[in-house]
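Student: Each chain, written out:
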Amino acid sequence: MLTLLFDGIAYGMLLFVLALGLAVTMGLMNFINLAHGAFAMAGGYILILLMQRAGWPFLACLPAAFVITAAAGALLERTIYRPMYGKPHLDQVLFSIGLTFMAVASVDFFIGSSPQNVQLPDWLRQRFEFGSGPWMLGMGAYRLFIIATCLALALGLQAVLSRTRFGSRLRAAVDDPRVAAGLGIPVNRIFLLTFAVGSGLAGLGGALGADILGLDPTFPLKFMVYFLIVCAVGGTSSITGPLTAALLLGIADVMGKYYLPKLGAFIVYVLMIAILLWRPQGLFSREGKR
Amino acid sequence: MRRQLKSPAGAAGSAGAADPGALLLAPSRWRLWELALWAAIWAVPVFFGQHAALVNEIAILALFALSLDLILGYAGIVSLGHAAFFGVGAYGAALFAKHVMPDPLVGLAVGTSLSALLGLITSPMIVRGTDLTRLMVTMGVALVLLELANKFDGLTGGADGLQGVVMSPLVIPFIGRFEFDLGARVASFYSLAVLFIAFLLLRRVVHSPLGISMQALRDNRLRLMAIGLSVQGRLVAVYTLAAGLAGAAGALLVQTTGFASLDVFEFHRSADVLLALVIGGAGWLWGGLVGAIAFKVLHDVISSFTAQYWTFWIGLFLVLLMLVGRERLFRPWSWFKRGQR
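For the protein sequence lines, the chains are Y and E, in the order given. Okay, so the first sequence: first residue is 1 according to this note's numbering, each after it adds one. Okay, so the second sequence: first residue is 291 according to this note's numbering, each after it adds one.
Keep in mind the hints are simulated off the structure, nothing from the lab. In this text the structure is predicted, and so the values were computed from the model without any measurement. Each hint should be verified, as a subset may be incorrect.
[Unchecked claim] Here are some chain E residues pointing at chain Y (derived, C-beta under 7 angstroms):
hint	residue
1	S413
2	V417
3	R418
4	L422
5	T423
6	M426
7	G430
8	V434
9	E437
10	K441
11	Y599
12	F602
13	V609
Glycine residues also receive a C-beta, built at the ideal position from the N, C-alpha and C atoms.
With the rest of the complex left out, here is chain E (with noise of 0.2 angstroms):
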């Protein structure tokens, strides 16, 4: 499921002793179709200004999903309690408006340092342990944040949530400033924008000697440590990173919806996103986006015709999903090639 670090084989063969760093540079390069599918996701609230709530929520999604798949796909840590990130932005960034300052960028700030510092404090917690036990405990840690949330129902409103958020207009120096508006228009622009600039930042660090060294760290932990690297180092930046970024997608949902409830922590919002992504494959950043747009476009068309059972379909196909493998899945044609894995 997970792609491995593309092998040098084809180039390098018949180039002889090339260059590794030309190698591990490769695939950094941008791609046409890579602009061209930017170009259209950007084409999209600008041409269907009516979708403009779904484009918002597709982003946000796809930012919690980009976030789990730095962890997941490329560092390999197995987490059931990703939405604890998610849930302290949202808190963060919708009690930072309500009682500090409305200005949405710096809520933003405010709602991604926090959850990196939560990832930063928990960090310990993961480098330890088999999977089950990271499981297990990063479950734990957004069972737990859920049981605080509900406990402190004065400070977070508790299970009747956290109304009226109100956000200040987007004020962006030398490009102006934007009032949010009830057709999410803006928002889904601002969304998509946050989302944008963290796949930018994204790419940049997994072709990073530190993303090629996750990678690495993923497939081959003992040989990572043989070579003198400090997997411990590595782990914990790299969980922090994926925690600012969860958490800033928890602090869009509350500045675009104006509203915080403890649905944030909800385990449910943990397998959400890791369905979206393993849709669209972890270990390559489009997978989050692209799991997110599948993801959301199924569940809108399943729920059109069975809203209630909707998990029933969703769950076959996950079934479906693990039992044949993604690669097959996807590439009927492959059904009838023998030899193959």
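Here chain Y stands alone, though its shape is the one from the complex (with noise of 0.2 angstroms):
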């Protein structure tokens, strides 16, 4: 029962880190990036190739996934994210899965179609136990490290937003891009390091959760609507909403497996729906904004 929790808490986070960047995108530039899920593609393979071709070890990889997609995701902003923001929200949903088509037959093409495996070191492939019956809570090592980790950085953006100087810009930059263009705030320059490091975080979730999540060139499409479902029930205004829909998506997805294997993603998408009908905005998001 615990372990499960744990569970669900540790999946819960992967799925805020890999999705942050995804809320951070819809509500900053009001872009429906349905591609998000191609960059944490990236990063998993990224972490993967390196460890097995370069025989790098998996905690050099990691920001390593962070940073080369991070700078895949500054290039392609500039160059073909920026035209389309101004589109319909349409033009934007298709063009993304465009560019997530594109992905997938890429890895497809360059890689393989296998779904691939990751060498933990062996520190992460611990497991911890306490208690007994039916409160025994089993932690492995490597669910414990992603939780740390995500907590880490959930805390760290959070003080970035509000309390540095790049932060109050941002927020300025989200409320209204008009006003803050003309306050002399280079939102192009925020909107592109916004989108570098929202697409960081997706790759470097992907290598985390490259083992958990399982990594094969479908993943852009399984896991797309699970990112959405975090930023639509979630909210795309703060840090807490995601943060919070996250954990308890990742939660009801994993006791749902457990207890109702058949129905578990059933109730998944049931509760987003009635979520959906009761907060059209989310359940966090502020009132009236758009």
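Given two chains presented individually in distinct reference frames, assemble the corresponding complex, making use of the accompanying hints.
Tutor: What follows is the structure, encoded as structure tokens:
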């Protein structure tokens, strides 16, 4: 029971890091980026390739996954994403679905369609157990590692957003890009940077989750729904919203799969629809925005 | 991308204060090229019987795209889960044929009305919220149905699909009875006929006051409310109608292939039809037809030289289409003109 809860939290944390970039893009540029999963997949494959082909240690691969996907995100933002900001939502959706299709097919072509395995270092394969009976808590070291990393990331991001100059500029740009630009804030550069960080986070999440979520070329399509659920349910105006939504989704999914194996996904979707009908703007959004 | 209501500037400007009714009715007249195109479409299965199966597929996709066009192109509702209705129509028709009676026309009616009913039930979900909420809710409905169909495998066959859907011959009063054959000739005529009737129906609908107010709603919802028209009522009516048509497409698929599987609810089906519609252009009735033809032909051509990676090319095509814009991509001569848009 507690073990399940723990696994759910780890899963939710992972989803949070994966979806955070999407939430930021969506809230910030009002851009529905379905290709977000492709960045996550890229992160996962970078980890695998670096570890298997180049023999890098696991811990060194994580920052590498972040940096490379962030760079790729920045490049794509500057070249092809920016013209799409002003377009209708449908165009953005189709555009990013197209990108996702391309990413899926390319990975399939260059690396192959078989699922990839991560060779975790030994110190992450341990398992701690406390208590006994129904209240036994078993914690895998890897999941503990994920929770710690993601928690640190969330706290760090929250601090950056609320305490630094960049954070206040970003929030200003989200609230009203035109006025922000009028005040001399370089909105475009902030967008670029944020998009890059968001993609990097997705890459990091993909790398971290390659072991738990499984990694194969259809990854972006399989998990796109989950990312979107996190963003739609959590709202896109804060970090707490997506965090709570991701945790809820992670726990509900793990529990559902364990107790009602056939109805697990069903419950998640029905819950999502119900929440969206109740609060179309997301659970934690500020009222009256847009 | 969407066609706006034709502005009366050209005609009315010269003729002074023309009758607005006449202006709105003008696009509802049949053009010569439309008649010619329909004649050409009907001629294909007559003269190229060996491609009847492809014609059948295209007709079904076109009907599906037509129904999406109604809600997306005309009413402006974004949907990533249109396969929900397709699937309900498909399973409805399949189960009806298997357990109640195998008559195709009755089965078609059953599939259509079932999915229309689902559309009516789910329509309150799409009148609220933003584009993102709508995307999620429509996609969620399709996913829920997929899970349900998977769960109740006693009824639907689950992941194995529902096999052995045998249709009785098609009996049309005063015309005759036709056996469904292996070469899909009868099937192709049947699907084309349904598509044609749906096209006529929609043509009537979109030029009716309901259709015109729908386009007004898409372009400016606030103003429509200010005029005093019921936005919700219109959305519900349109969504139900579109759902019914999508269900008809699903029913046709099952009846002509004799097989229903979970595939009918899958996300890629919603994505494919969206793609077909976008290629053809949303917001005019021919968009669905042209898009379906283009999509299937594109699929066939690309898969013939790279079967596994055809999604790459379709993705590239989509990205280019969206970046460059429909109008400019299909009208290369406008690349050199300045000052447009």
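Student: Indicate, hint by hint, whether the structure satisfies it.
Tutor: Results for each hint:
1. S413: Cβ of S413 (chain E) sits 12 angstroms from chain Y, so the hint is violated.
2. V417: 10 angstroms, violated
3. R418: 5 angstroms, holds
4. L422: Holds, about 6 angstroms.
5. T423: 5 angstroms, holds
6. M426: 4 angstroms, holds
7. G430: This interface hint holds because 5 angstroms falls under the 7 angstroms limit.
8. V434: With a closest approach of 5 angstroms, the V434 (chain E) hint holds.
9. E437: 4 angstroms, holds
10. K441: 5 angstroms, holds
11. Y599: Holds, because the Cβ-Cβ distance from Y599 (chain E) to chain Y comes to roughly 5 angstroms (cut-off 7 angstroms).
12. F602: 3 angstroms, holds
13. V609: 4 angstroms, holds
Hints 1, 2, counting from the list given before, are not met by this structure.
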